[in-house]
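Q: Listed below, chain by chain, are the residues.
Protein chains: 2
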Amino acid sequence: MTPATGNSPGKDAADTGILSRAGDLFQLLRDGKARTRAELALSTGLARSTVASRIDALMLSGLVGPAGEAVSSGGRPPSRFAFNPSARVVLAVDVGATHVNVAVTDLGGKVLAEHRLQQEVADGPEAVLDRLVAEGKRLLAAADRSLDELAGIGIGLPGPVEHDTGTPVKPPIMPGWDGFDVVRYVQRSLPVPVLVDNDVNIMALGERTAHWPEHDNFFFVKVATGIGSGIISSGELQRGANGTAGDLGHVRVPRGDDVLCTCGNYGCLEAMASGPAIARQLREQGLDASSGADVRRLVSAGNLQAIQGLRQAGRDIGDVLATVVNLLNPSVIVIGGSIGDSGEHLVAGIREVVYRRSLPLATSHLRIGLSLAGNKAAILGASQMVTQHVLSPAVIEATLQATG
Amino acid sequence: MTPATGNSPGKDAADTGILSRAGDLFQLLRDGKARTRAELALSTGLARSTVASRIDALMLSGLVGPAGEAVSSGGRPPSRFAFNPSARVVLAVDVGATHVNVAVTDLGGKVLAEHRLQQEVADGPEAVLDRLVAEGKRLLAAADRSLDELAGIGIGLPGPVEHDTGTPVKPPIMPGWDGFDVVRYVQRSLPVPVLVDNDVNIMALGERTAHWPEHDNFFFVKVATGIGSGIISSGELQRGANGTAGDLGHVRVPRGDDVLCTCGNYGCLEAMASGPAIARQLREQGLDASSGADVRRLVSAGNLQAIQGLRQAGRDIGDVLATVVNLLNPSVIVIGGSIGDSGEHLVAGIREVVYRRSLPLATSHLRIGLSLAGNKAAILGASQMVTQHVLSPAVIEATLQATG
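If you read the sequences in order, they're chains A and B. Residues in the first sequence are numbered from 23 upward in steps of one, following our numbering. Residues in the second sequence are numbered from 23 upward in steps of one, following our numbering.
Intra- or inter-copy, both count: the list cannot distinguish identical chains.
Cut-off 25 Å, straight-line C-alpha distance, at most; resulting in silico cross-link-like pairs (SDA-like, lysine to any residue):
| id | residue 1 | residue 2 |
| --- | --- | --- |
| 1 | Lys192 | Asp238 |
| 2 | Lys192 | Tyr377 |
| 3 | Lys192 | Val375 |
| 4 | Lys55 | Val93 |
Treat the hints as calculated values from the structure; they're not laboratory data.
Working from the sequences, and respecting the hints, build out all of it.
A: Structure representation (structure tokens):
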């Protein structure tokens with residue numbers, strides 16, 4: 023695989039203005055169905071000889087493999103070909119505030135090996151990325167796969183990322199990372215395409231790919247130490263003009279008018295409904311709570327004040343989500359993150375407000391629920407981000423030209 | 023052209039799973055640049071003979087025409103071909119509460135003839151659509167174009183529309199239109215593809231196509247009798263799961279807690295900042311104002327209370343747009359509609375709040391301004407909606423197969 027110098031959007035083929043060749047043929051095969059050369063010629067309009075040479079190139083790359091024989095209409099039965107997702111592997115990495123989760127997956131998102139490291143993101147990019155690379159190499163070996171088989175690396179970071187360059191931009195909890203060239207640093211050790219995005223975007227991608235693939239208008243909310251969201255509209259992850267789309271945490275909520283947020287504004291959602299914010303409100307009621315983990319502990323112990331606090335946080339989040347529903351009209355809203363995963367009380371508060379405040383037309387088919395991928399969402403999404411890129415027509419084409 | 027039975031999304035080629043043929047070749051030519059057969063063969067990888075037969079089909083349809091000769095490298099100079107936007111025409115229609123604007127445009131969006139009718143949308147679909155069809159035929163004749171040259175009809179309606187079927191869904195100011203099959207009714211008179219959307223979506227499309235084509239994350243707000251928005255993210259108009267995306271008017275604003283909206287909720291933006299809402303507030307101050315038109319009249323006469331009212335409406339809209347900016351991270355927000363067009367006071371109020379409330383990262387390159395297309399936005403957008411559809415690879419392909 024040719025190393026990318028940064029992330030590229032999915033529309034490579036259209037951007038180059040060229041209709042790519044074997045890359046386009048490969049897109050037909052990506053659904054996993056087996057086809058003969060004749061079937062491929064028929065559905066693309068390409069000459070038999072052209073199809074044959076492109077299939078040869080794809081076979082050589084390993085991305086396409088033989089898939090048995092079709093029924094013959096007389097003579098030697100024609101061979102069939104299909105996408106082979108185990109041809110390459112991906113390193114999928116989820117960097118959190120205090121952990122780094124590293125996994126090896128195949129091109130279909132199947133996890134082949136996985137390990138969770140204790141690691142402070144505040145130790146800075148070199149320390150975190152060095153450990154991530156070392157662990158990735160170890161897991162590749164454990165999965166019995168070589169570096170040659172590595173198609174790319176996907177990394178989720180807990181802060182804003184300029185997706186086109188893979189660079190963190192003023193991330194509040196990541197000292198030393200602002201403007202750091204993550205892609206180039208990782209490629210010095212592992213010369214493959216490296217794609218970086220913020221953790222909530224990859225969680226949205228992972229949750230949707232694994233559990234809601236038929237929903238093209240999908241909204242993922244992470245409720246943890248911070249609050250953020252990942253937006254999928256018309257089937258595409260939406261990052262906005264500067265990559266900051268989905269910043270739900272600093273939307274103002276009515277209840278919070280006199281609460282100062284870390285961003286300098288008053289009444290931000292994050293200052294009212296994040297894990298630390300709920301803990302602060304419980305402390306003000308005399309409870310022993312200093313973090314989101316304490317809130318979860320109190321809730322699972324059945325503490326009524328904590329349950330009420332969680333439900334009220336749900337109402338505050340619901341207040342903002344009512345606007346999201348009117349604005350984006352998603353068919354599914356999924357709540358994840360460490361607080362989001364802590365049960366139905368938060369979701370109950372969210373539903374209460376969304377169904378009261380949003381227009382009936384937009385909520386008639388709306389589903390609101392907890393994450394199904396749970397703590398796998400980020401790894402699945404990081405893997406998916408890489409396969410979307412390396413299996414796109416233009417990149418396939420470039421790869422075949424480089425190796426052919 | 024083959025009549026469509028309803029609207030189709032832009033992804034026809036991908037949806038059919040087939041790489042289309044002459045349709046794809048046409049996409050290359052759509053940029054207007056002239057190319058030779060050899061150049062087209064080179065950039066598509068298609069055989070010379072294949073390119074030649076597809077160019078023949080496109081020439082026969084008139085969509086592609088001769089565009090002079092290239093420089094010869096010896097022998098007869100090769101012919102060049104280019105997209106011919108005047109090959110077909112489009113009927114672009116903007117239906118408002120009390121008017122119907124009908125235009126004939128070419129495939130490049132150039133207006134060839136246009137007329138504005140006084141017509142109440144409340145007279146019901148048959149009355150409005152019959153007049154629209156009659157006026158469309160008259161304008162076609164006036165522009166010296168035949169019905170055979172009509173590629174399609176684009177209609178914007180002042181209410182929610184299910185875009186896939188072109189059906190109005192519970193439109194509040196359109197009695198008799200709920201669930202009416204606009205597409206089939208119009209096609210009984212004019213058997214061409216008919217595409218229907220709500221007026222704000224087509225205004226967004228028109229404004230962006232005409233003035234901000236390089237901005238892929240674009241947000242259009244219409245402020246008039248109602249308040250709505252059109253969202254373009256990643257270069258695509260976003261309609262949401264049920265076609266209700268962009269419903270800004272019923273988002274709650276802090277100042278409006280005790281004001282009842284027509285939707286039954288309290289504190290909706292539309293109940294605070296629409297033309298009638300500003301007029302109501304001015305009446306409460308003893309001024310003679312019963313509509314948005316009165317507000318505009320008072321503002322242009324320099325009435326200070328009216329100017330303050332407009333500015334406060336801008337602040338209320340800005341309160342919701344601050345959330346939009348955090349959520350969608352657009353690079354351009356355009357304010358249009360009859361109140362939006364009435365000057366800088368509204369925009370000043372919007373800017374004041376958006377720049378105070380939104381995160382610096384999202385506003386550093388954000389532009390907020392008045393509509394440049396003005397009252398042309400809807401016609402331009404209706405035309406663009408049709409050309410996006412009829413010039414898509416799959417539809418071009420189907421057309422050529424039907425006529426060839």
